[in-house]
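Colleague: What follows is each chain in one-letter form.
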Amino acid sequence: MNNLYRKRLASHLKEMFKYLRLVFNDHFVFALLIFIGGLGLAYSNGLKGLSPHLWWARPVIVVVLLLVLQLGRFATLFQDADVVFLLPREADIRQYLKGARLYSEGLAFIYELFGMFILLPFIQVTDSMPVFDLAMIAVAQLLLKDSLFSLAIVSRFQVKASWLKQTFWFKWLVPLIILLVSVYGMPLIGLLLALILAVGLRVADRRFNAVPFDWWHAIGLENNRMLGVYRFFNLFTNVPMLKGVAKRRRYLDWLLNSVKATPKNTYLYLYSRGIVRSGEFSGLYLRLTILGMILLYFVRGTWLPIALAALFLYLIGFQLIPFYWQFDDIVFTHLYPIAESQRVNGFRRLMFALTGLTAILFLIMVIIANLDWQMGLITLVIELVEVVLMVQYYLPLRLKRKK
Amino acid sequence: MTLQVTNLVGGYSQIPVLKEVTFDVQNGELVGLIGLNGAGKSTTINHIIGLLTPFKGEIKINGITLNQDKNAYKKQIAYIPETPILYQELTLKEHLEMTMMAYSLDRDKAWKKANHLLSIFRLDNKLDWFPANFSKGMKQKVMIVCAFITEAPLFIIDEPFLGLDPLAVHDLLDLIDEQKQKGASVLMSTHVLDTAEKYCDRFVLLHDGTVKTEGTLPELRKALPDAGESLDDIYMSMTRADQHE
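These protein sequences, in sequence, are chains A and B. Counted the way the numbering used here counts, the first sequence spans residues 2 to 404. Counted the way the numbering used here counts, the second sequence spans residues 816 to 1060.
Extracted from the complex, chain A is given alone in its bound form (with noise of 0.2 Å):
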């Protein structure tokens, strides 16, 4: 069982490198680069403002120390079939969760040290603590999340004791007061308090070893998780594993009604309820389109706004065109007879009404921004000649050296 978590391990680290390095293939990395220089500024420069003893300083750390706790989840990696497949295995399963929490609680352990690196400098700037201190709470943190993961292997098991799952309480609560009690001067109390809870837990964990596991809870656990790693990397690239479930959305139907039911209007049909109901692609352009709103009304300059403008209208239609291959699965697509020109037309004129929607809002922001009339003028012919290339050039020459 050991060796099952570990192999299973290698392949689920090579499928997050992959996504890894598509991330970073992307155009998107570009911007995100910009986003983080521009926030390690900001901090740097906020810091400078900064003066001792001030007293919302203990409660921000507090509470980023709390937060920085929730990062890192337990992968266990368990896989739908398992029900089937490991059940006869049960007896075994307590080392497979070994495994899984190695790797899981090294992984929370860096991030909760970078957590705690990225909040130090803060913490000297308010309020100087003793490095001794400051080492404490970093245990206590630690301690934290130890037992974090000894809670989070607990409730996968069917544990009648009701108290073990108010996962609120062990999450949110305890930890916030063991953490108050070290931030506010008493350190050592904070840490004896982590360490009780730590071992408390990890003896308790030990008395439910009779306990049956509770397959389903703890498949339903990991496929959450996972669908949550995906819906990250979905925001930079196309997932397949990623099928989210449709909504109804009934106050854009009007929209969608927009669209008469004519034959040379089936794929625009089809797409355009596509992309409103299902959370994936529309998800995708909501986030890129407000982010870069955001971007476009803090930045200000004369060419800089339009190049930003430009270059996420060109994200925006670059990640738009797989969404063309979305229905490629389901077999009518391929029986309906109508040409494959028309589901091209179909498609181009929804990738038009979404570019063109947000090269207006883009463009209201660039104003807004600016109060230049001349500098909204030259955005908007470069985002209607980017728009036209983009779909009656850069979209059929894609979608045909897809083929």
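Note that these hints are calculated values from the structure, not bench results. Worth double-checking, as some hints may not be accurate.
Each computed SDA-like pair below joins lysine to any residue, with the alpha-carbon atoms no more than 25 Å apart [said to hold, decoys possible]: (1) Lys951(B) with Lys99(A); (2) Lys908(B) with Tyr252(A); (3) Lys885(B) with Ile331(A); (4) Lys261(A) with Ser919(B); (5) Lys265(A) with Asp943(B); (6) Lys941(B) with Gln883(B); (7) Lys928(B) with Pro338(A); (8) Lys941(B) with Leu256(A); (9) Lys875(B) with His335(A); (10) Lys401(A) with Leu982(B); (11) Lys885(B) with Val332(A); (12) Lys265(A) with Ala340(A); (13) Lys401(A) with Gln883(B); (14) Lys261(A) with Met242(A); (15) Lys871(B) with Leu336(A); (16) Lys99(A) with Val155(A).
Chain A is fixed; fit chain B onto it per the hints.
Modeller: Okay, now just chain B, sitting in the frame of chain A:
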């Protein structure tokens, strides 16, 4: 003659699964495509609906091949897949609309038909539902309704009986019969041999990618005189004989 498959050699990759398959379906005829798992039934169907390209041989529907006129060819087929496949983002009503648009149907007439079919299958109060809320049988019924509003001359039905309740099975058989009366042809693959025996006009027995025998039940009995009376007997003796070879 509606469907004519001649010397079809085909499959998914380079290795042919089907070897020189030849059979036809006449107007107003229900032909049963019978065979074990892996015999090549689905491969044959995938070739007919145009998802796979034949390596050799040709498939004609009313004299037209896929290469001659893609849209005219496709327009003649109504397909009901073995596993129901629906667009997750479209409601039941929108699936019907899609079908009407894709096949350029007259909307008033098509809706009249659709409403009739929906009430037969007790789906008429679920027009705004998403596929995620349907059971497997309901999804299959949606496929049936979509297929039967198309007025296509050729119906391709892949294993329709599993997952349908007995009432729906009878309703489906009635619908098929009605289409036959109108002159449409139906090719149906199935494992449910006693139903096939009762309703099919002719049978094509596939084994290992070749047509073992074909014909009406009396013809099959004549060809294999020692096998027994029912389609089941004939089929079992045929496959057993093949395994002993």
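Colleague: Determine for every hint whether it applies to the structure shown.
Modeller: Do the hints match the structure? See the list:
1. As the CA atoms of lysine 951(B) and lysine 99(A) are separated by approximately 39 Å, the hinted pair breaks the 25 Å bound.
2. The hinted pair formed by lysine 908(B) and tyrosine 252(A) meets the criterion: a straight-line CA distance of about 18 Å does not exceed 25 Å.
3. Under the criterion of a C-alpha separation no larger than 25 Å, the hint pairing lysine 885(B) with isoleucine 331(A) is consistent with the structure, at around 19 Å.
4. Using a Cα cut-off of 25 Å, the hinted pair lysine 261(A) and serine 919(B) holds, with the two alpha carbons roughly 13 Å apart.
5. For the hint pairing lysine 265(A) with aspartate 943(B), the CA-to-CA distance comes to about 24 Å; that is within 25 Å, so the pair holds.
6. At roughly 40 Å between alpha-carbon atoms, lysine 941(B) and glutamine 883(B) are farther apart than 25 Å, so this suggested pair is violated.
7. Restraint check: the Cα-Cα separation between lysine 928(B) and proline 338(A) comes to about 20 Å, which is no more than 25 Å; the hinted pair holds.
8. Between lysine 941(B) and leucine 256(A) the alpha-carbon distance is near 23 Å, which keeps this suggested pair within the 25 Å criterion.
9. A hinted pair counts as satisfied when its Cα atoms are at most 25 Å apart, and lysine 875(B) with histidine 335(A) qualifies at roughly 18 Å.
10. A C-alpha spacing of about 48 Å is found between lysine 401(A) and leucine 982(B), which places the hinted pair above 25 Å, so the restraint is violated.
11. A C-alpha spacing of about 16 Å is found between lysine 885(B) and valine 332(A), which places the hinted pair at or below 25 Å, so the restraint holds.
12. Simply put, lysine 265(A) and alanine 340(A) have alpha-carbon atoms about 10 Å apart, close enough for the 25 Å limit, and the pair holds.
13. Simply put, lysine 401(A) and glutamine 883(B) have alpha-carbon atoms about 22 Å apart, close enough for the 25 Å limit, and the pair holds.
14. Restraint check for lysine 261(A) and methionine 242(A): not satisfied, since their Cα atoms lie roughly 32 Å apart, outside the 25 Å limit.
15. Pair hint lysine 871(B) plus leucine 336(A) holds up; C-alpha atoms about 21 Å apart against a cutoff of 25 Å.
16. Distance restraint check for lysine 99(A) and valine 155(A): the Cα-Cα separation of roughly 12 Å lies within the 25 Å cut-off, and the hinted pair is therefore satisfied.
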